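> Given the sequences, and given the hints that come with them, work out the whole structure.
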Amino acid sequence: DAGITQSPRHKVTETGTPVTLRCHQTENHRYMYWYRQDPGHGLRLIHYSYGVKDTDKGEVSDGYSVSRSKTEDFLLTLESATSSQTSVYFCAISTGGNTEAFFGQGTRLTVV
Amino acid sequence: QQQVKQSPQSLIVQKGGISIINCAYENTAFDYFPWYQQFPGKGPALLIAIRPDVSEKKEGRFTISFNKSAKQFSLHIMDSQPGDSATYFCAASINSGTYKYIFGTGTRLKVLA
Numbered sequence: 001d002a003g004i005t006q007s008p009r010h011k012v013t014e015t016g017t018p019v020t021l022r023c024h025q026t027e028n029h030r031y032m033y034w035y036r037q038d039p040g041h042g043l044r045l046i047h048y049s050y051g052v053k054d055t056d057k058g059e060v061s062d063g064y065s066v067s068r069s070k071t072e073d074f075l076l077t078l079e080s081a082t083s084s085q086t087s088v089y090f091c092a093i094s095t096g097g098n099t100e101a102f103f104g105q106g107t108r109l110t111v112v
Numbered sequence: 001q002q003q004v005k006q007s008p009q010s011l012i013v014q015k016g017g018i019s020i021i022n023c024a025y026e027n028t029a030f031d032y033f034p035w036y037q038q039f040p041g042k043g044p045a046l047l048i049a050i051r052p053d054v055s056e057k058k059e060g061r062f063t064i065s066f067n068k069s070a071k072q073f074s075l076h077i078m079d080s081q082p083g084d085s086a087t088y089f090c091a092a093s094i095n096s097g098t099y100k101y102i103f104g105t106g107t108r109l110k111v112l113a
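Line order of the protein sequences matches chains A and B. Residue 1 is where the first sequence starts when you use the working numbering, and the numbers rise one by one after that. Residue 1 is where the second sequence starts when you use the working numbering, and the numbers rise one by one after that.
One thing to keep in mind: the hints can contain errors.
Residues from chain B shown here face chain A by an in silico Cβ test under 10 Å; the list is partial [to be verified]:
no. : residue
1   : Leu-11
2   : Gly-43
3   : Phe-103
Honestly, the hints are just simulated from the structure, not real lab data. Since the model is a prediction, treat every value here as computed from it, not as a measurement. Beta carbons: idealized from backbone N, C-alpha and C, even for Gly.
Encoded structure:
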């Protein structure tokens with residue numbers, strides 16, 4: 001794997017609680033992405049970052065926020081978790097310029 | 001217009017057969033079309049990619065065919081092997097400042113021994 005670490009790898013949380021997922025890279029790539037993977041929906045973009053403190057929404061951003069205070073870290077926060085946010089979350093990085101996006105191992109989040 | 005439509009949802013192929021997965025897009029600004037392979041419990045990994053200035057790209061047993069006028073592209077896996085059993089995603093992106101990757105819904109391929 002291309003120097004991407006997601007933490008935690010598994011988490012079970014209760015409805016209404018805040019949750020933060022972390023993506024850490026050692027590749028110094030400018031672009032970072034958060035996707036969620038659900039059966040029948042493939043990979044859907046939640047938020048992305050094109051630089052430190054530069055972020056924007058993806059197609060399924062409602063209920064999620066992100067922060068990127070350092071090049072290497074991209075945090076995804078569920079302000080108040082709901083059962084519909086039960087999913088596998090993937091972080092990805094790229095250098096841009098239509099090059100390969102590298103994915104982390106994923107975080108399996110269950111909201112009960 | 002940002003969608004990438006992928007079919008079939010699942011595919012079963014005999015060992016040695018040809019696996020074909022199709023994708024279609026609407027946004028003509030897309031200019032990079034990668035295919036990703038994902039094994040259970042792992043993140044997706046780049047398999048092969050194509051740009052719209054060529055109609056075909058081959059890497060080993062894997063070939064992308066690209067039809068710009070039809071806005072369609074497909075992945076062909078020749079001599080399919082049980083080890084190819086995985087989920088495959090097509091994707092598209094635009095060579096602009098944000099370089100977002102838009103993914104298809106995925107195809108679960110099973111190759112029977």
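> Each hint needs a verdict: does it hold in this structure or not?
Here is how each hint holds up against the structure:
1. Leu-11: violated (15 Å)
2. Gly-43: This interface hint holds because 3 Å falls under the 10 Å limit.
3. Phe-103: holds (4 Å)
In this structure, only the earlier hint numbered 1 is contradicted, and the remaining ones agree with it.
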